[in-house]
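Residue numbers (the working numbering), protein chains in the order written: chain A, 1 to 249; chain B, 250 to 577; chain C, 578 to 870.
Hints may contain errors.
Unchecked claim - Taking CB as the label site, the calculated pair distances span: (1) B:567 - A:40: 21 to 31 Å; (2) B:252 - A:118: 11 to 21 Å; (3) A:118 - B:405: 45 to 55 Å; (4) B:554 - C:860: 34 to 44 Å; (5) A:40 - B:554: 22 to 32 Å; (6) A:77 - C:860: 49 to 59 Å; (7) B:534 - C:772: 53 to 63 Å; (8) C:668 - B:333: 22 to 32 Å; (9) C:748 - B:571: 47 to 57 Å; (10) C:716 - B:325: 21 to 31 Å.
Simulated from the structure, these hints should not be mistaken for laboratory data. Every residue, glycine too, gets a C-beta built ideally from N, C-alpha and C.
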Amino acid sequence: MSQDILLRGIGITRRWGGLVAVDQVSIALTRGEVHAVIGTNGAGKSTLINILSGETPPSAGQVELLGQDVTRWSQPRRARAGLGRSYQRNTIYPGFTVFENCRLAAQARHQQPWAWWQSAQACEASQAAAHSSAQRAGLGDALDRVAGALSHGQKRQLEIAMCLATAPEVLLLDEPLAGMGAEETERMLALLAELKASHAMLLVEHDMDAVFRIADLITVMVNGTVIATGTPDVVRNHAEVQIAYLGQQ
Amino acid sequence: MTDRSRIVFVALCGLALAAYPLAAGAFGLDLVTKIMVYAIFALSLELLVGATGLVCFGHAAFFGIGAYAALLLSPSSDAASLLWLLPASVGAAALFALMMGALSLRTQGVYFIMVTLAFAQMAYYVVHDTPLGGGSDGIYLSAKPVLVIAGLRLIDLDQALPIYFFTLACLVAVFGFLALLLRSRFGRALAGIKANEQRMRATGFSTYPYKLAAFVISGGIAGLAGFLFGVKDGYVNPELMSWHLSGAVLIMIILGGLGHLRGALIGAFAFALLQEFFKSELIFGGFAKHWHLGLGLTIIASVALLPHGLVGLPARWRARRQGRKAAL
Amino acid sequence: MDFSTFLIQCLNSLQYGLLLFLVASGLTLIFGIMGVINLAHGSFYMIGAYMAFALAPVVGSTLGGGFFATLGVGVVLAVMLGYGLEWAFFSFLYEREHLQQVLMTYGLILVFEELRSLMVGDDVHGVAPPPLLAGTIALGEMMTYPVYRLFISGVCLALALGMYLVLTRTRLGMMIRAGSSNREMVQSLGVDIKFLYRVVFAAGLGLAVLAGMVAAPVSSVYPGMGNQVLIICFVVVVIGGIGSIRGALLASLLIGVVDTFGKVILPQAAGVLVYLMMALILLCKPKGLFAAG
Chain A
1 MSQDILLRGI GITRRWGGLV AVDQVSIALT RGEVHAVIGT NGAGKSTLIN
51 ILSGETPPSA GQVELLGQDV TRWSQPRRAR AGLGRSYQRN TIYPGFTVFE
101 NCRLAAQARH QQPWAWWQSA QACEASQAAA HSSAQRAGLG DALDRVAGAL
151 SHGQKRQLEI AMCLATAPEV LLLDEPLAGM GAEETERMLA LLAELKASHA
201 MLLVEHDMDA VFRIADLITV MVNGTVIATG TPDVVRNHAE VQIAYLGQQ
Chain B
250 MTDRSRIVFV ALCGLALAAY PLAAGAFGLD LVTKIMVYAI FALSLELLVG
300 ATGLVCFGHA AFFGIGAYAA LLLSPSSDAA SLLWLLPASV GAAALFALMM
350 GALSLRTQGV YFIMVTLAFA QMAYYVVHDT PLGGGSDGIY LSAKPVLVIA
400 GLRLIDLDQA LPIYFFTLAC LVAVFGFLAL LLRSRFGRAL AGIKANEQRM
450 RATGFSTYPY KLAAFVISGG IAGLAGFLFG VKDGYVNPEL MSWHLSGAVL
500 IMIILGGLGH LRGALIGAFA FALLQEFFKS ELIFGGFAKH WHLGLGLTII
550 ASVALLPHGL VGLPARWRAR RQGRKAAL
Chain C
578 MDFSTFLIQC LNSLQYGLLL FLVASGLTLI FGIMGVINLA HGSFYMIGAY
628 MAFALAPVVG STLGGGFFAT LGVGVVLAVM LGYGLEWAFF SFLYEREHLQ
678 QVLMTYGLIL VFEELRSLMV GDDVHGVAPP PLLAGTIALG EMMTYPVYRL
728 FISGVCLALA LGMYLVLTRT RLGMMIRAGS SNREMVQSLG VDIKFLYRVV
778 FAAGLGLAVL AGMVAAPVSS VYPGMGNQVL IICFVVVVIG GIGSIRGALL
828 ASLLIGVVDT FGKVILPQAA GVLVYLMMAL ILLCKPKGLF AAG
């Protein structure tokens with residue numbers, strides 16, 4: 001239903017000098033859906049996700065978040081409005097504990113920087129949000145561990161937990177399964193499936209099995225343009241996709 | 250070090266400093282006052298470099314502005330009141346920090362280091378070349394400021410002892426303020442910016458205002474240190490803004506240990522004592538005028554061999570002892 | 578300002594700017610390629626100037642040569658110093674954080690200053706230009722211009738052109754440019770990266786030393802000259818963009834103009850003008866005029 005479209009990219013284009021990295025791409029993220037974006041290296045997926053998150057401005061086109069035009073908004077502003085993003089390489093705070101990682105992320109919703117005499121730990125709302133997001137991401141037992149000492153899979157879980165700590169409505173996930181073994185992948189997929197119900201999710205991934213298992217919609221990009229959008233079955237049988245992408249696997 | 254032992258250490262330092270005048274002569278009193286001023290200066294830089302990860306190589310500018318403001322704003326005949334002279338000097342330094350930060354914080358990494366150095370040089374040339382700052386000769390203070398409330402002369406900075414205790418009080422206040430600030434939400438946000446600025450932005454923190462605020466607070470506290478220095482000696486000259494001082498205060502905090510407030514204290518003491526050591530004609534005779542050589546070599550050695558500073562020494566000794574025990 | 582004066586100031590701007598470019602290009606090359614910020618770069622300039630002063634009598638009595646022989650000996654010594662210094666000290670700085678590099682090279686400045694003080698003293702000296710270049714040429718009817726200053730500009734231009742040709746037309750230049758964007762790749766291709774770095778460092782140091790030697794007759798030889806030129810070089814790199822030789826050239830010439838004309842028009846504000854210009858440029862372009870990759 002259109003009222004549940006939480007994030008929309010309309011005619012997004014990005015040029016770097018003479019090179020067109022993203023060419024007139026439109027995409028919509030609906031609550032309750034995982035929308036995967038796949039494509040070979042250089043297809044423009046990273047640029048697209050950076051434009052949606054606010055890290056790169058588009059050369060043309062608009063981004064709408066929860067009905068508002070956020071094309072000119074900075075990334076922090078979009079994040080405060082309900083947009084969460086995870087990165088392909090970990091952007092956790094390796095020197096802090098798992099709990100502190102989540103608590104600091106949650107603090108973004110309760111910043112109050114002027115209260116210099118008050119300890120940060122006194123903010124109950126951040127503490128509660130940190131507990132619940134860590135639990136949800138499956139790190140409830142590891143709260144006191146130093147983040148740098150976690151296994152790779154746990155670090156990726158922490159990356160997700162930090163996204164959830166600010167209670168976003170839209171999640172942009174950039175290769176959450178990167179570098180994971182089979183068991184860790186299963187756990188992450190279960191988590192993503194569970195998150196689907198309450199969020200609108202964009203998933204950029206290279207693991208084709210995972211994508212076809214979990215995605216409700218798939219957009220295929222080649223050289224900056226979209227060559228197909230549809231359900232996994234439609235995409236799997238799409239002639240151009242088979243030639244351009246799946247056939248190369 | 251546990252939290253409790255840290256507090257005990259700092260409290261002991263405070264008590265030792267409070268009791269020191271009982272045993273000290275005039276030279277010792279002046280030296281330790283100077284060291285305490287350096288400690289305040291080093292603490293201000295620790296907020297910027299150690300806590301936020303912004304390596305500023307122009308911090309002497311704020312120190313110098315605090316000192317020059319104290320002397321330039323003082324009336325030519327009477328003693329000024331501390332009530333307005335101190336905030337005015339700190340405010341002048343903080344204002345310059347606001348301008349410098351607004352321009353420098355748009356740059357990153359090595360750029361930031363170079364830009365801060367360049368802006369500090371600009372301030373140096375303003376006081377060195379223009380009549381504003383009295384040129385390379387500097388300017389003298391005619392009367393030290395006082396604190397007079399309801400006709401009572403509460404603080405008179407004309408004597409060495411009141412200056413000592415006033416400086417100590419400022420040091421305690423600055424240390425306490427920064428300790429609270431660093432554990433507050435603002436301080437934790439700075440720590441997050443240092444650890445991973447990208448994640449902070451992705452989470453919803455607008456990092457530029459935080460960094461600018463840290464820059465201004467840091468500059469203001471450095472201005473306070475400069476104010477105290479200028480008032481103590483009653484004299485300022487452009488060397489207070491020289492980049493050698495910017496380098497010296499950086500060395501203080503890395504020598505003491507980055508990321509710890511007490512590192513700034515330890516570093517200031519260690520640096521000042523090292524300087525006195527290398528300058529001492531008693532030990533080096535005629536060679537003492539080349540004290541920069543010893544200092545330079547010490548700097549190189551300490552950065553190369555003591556990456557975590559003096560604060561990290563107890564942990565290294567403990568690790569070495571444990572290693573030896575395990576080997577047995 | 579009449580035309581002759583204007584022309585003289587233009588030539589002075591050019592000379593100062595080109596000299597600055599020579600020093601700054603070494604700094605930006607070393608940083609762009611090896612990722613090392615070297616505060617002691619100004620010290621090399623100072624060492625060059627003091628060498629021009631101290632070596633002249635030695636070279637005169639042993640080799641019988643004059644100014645140009647001294648230049649040659651100085652360059653050879655500089656390259657040897659660069660090689661040795663890179664091996665003994667700078668190679669340890671490559672993987673370190675910028676703060677550590679800054680502080681270690683700052684310590685190096687202090688060491689160099691005192692070594693110079695011990696070996697040659699702290700006095701200010703003049704160096705005479707070679708008789709061949711000591712004259713003046715006429716500019717218009719009334720003004721004359723020192724030939725030596727034109728010589729400086731000529732040398733700097735020649736070196737700049739040489740640098741350009743080496744970087745763009747030779748294999749070594751190609752390796753240098755490749756090494757700056759992808760260290761590991763160049764290593765895996767069998768290029769001896771350590772040798773490359775040593776060459777680049779020696780070249781950068783050599784440029785600064787040569788600049789100091791060539792500038793000595795004009796700027797005189799004094800203890801603080803290294804620090805002074807270092808900070809201006811930083812401004813050059815900030816304005817021009819890190820790692821960009823083109824940016825360093827443009828920025829150096831800009832600074833040459835602003836500083837030279839500033840001293841004539843607004844003598845008291847001259848020191849500050851360059852930094853004001855830097856501030857203005859940063860307002861519009863935070864990464865400098867030509868930020869390299």
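Verification of the supplied hints:
For the pair residue 567 of chain B and residue 40 of chain A, the supplied restraint of 21 to 31 Å is violated, since their beta-carbon distance comes to about 53 Å. Checked against the hint of 11 to 21 Å, the pair residue 252 of chain B and residue 118 of chain A passes, with Cβ atoms roughly 18 Å apart. Hint check: residue 118 of chain A to residue 405 of chain B, Cβ distance near 37 Å, so the stated range 45 to 55 Å is violated. Between residue 554 of chain B and residue 860 of chain C the C-beta distance comes to about 42 Å, which sits within the given range of 34 to 44 Å.
Between residue 40 of chain A and residue 554 of chain B the CB atoms are about 49 Å apart, so this pair departs from the stated range of 22 to 32 Å. The hinted range of 49 to 59 Å is not satisfied by residue 77 of chain A and residue 860 of chain C, whose Cβ atoms lie roughly 23 Å apart. Range check, residue 534 of chain B to residue 772 of chain C: about 44 Å between beta-carbon atoms, so the 53 to 63 Å window is missed. Separation of residue 668 of chain C from residue 333 of chain B is about 55 Å and departs from the stated range, judged on CB atoms against 22 to 32 Å.
Range check, residue 748 of chain C to residue 571 of chain B: about 53 Å between beta-carbon atoms, so the 47 to 57 Å window is met. Remark: the range hint 21 to 31 Å for residue 716 of chain C to residue 325 of chain B is contradicted by a beta-carbon distance near 51 Å.
Going down the numbered hints, you'll see the structure goes against 1, 3, 5, 6, 7, 8 and 10, while the others check out.
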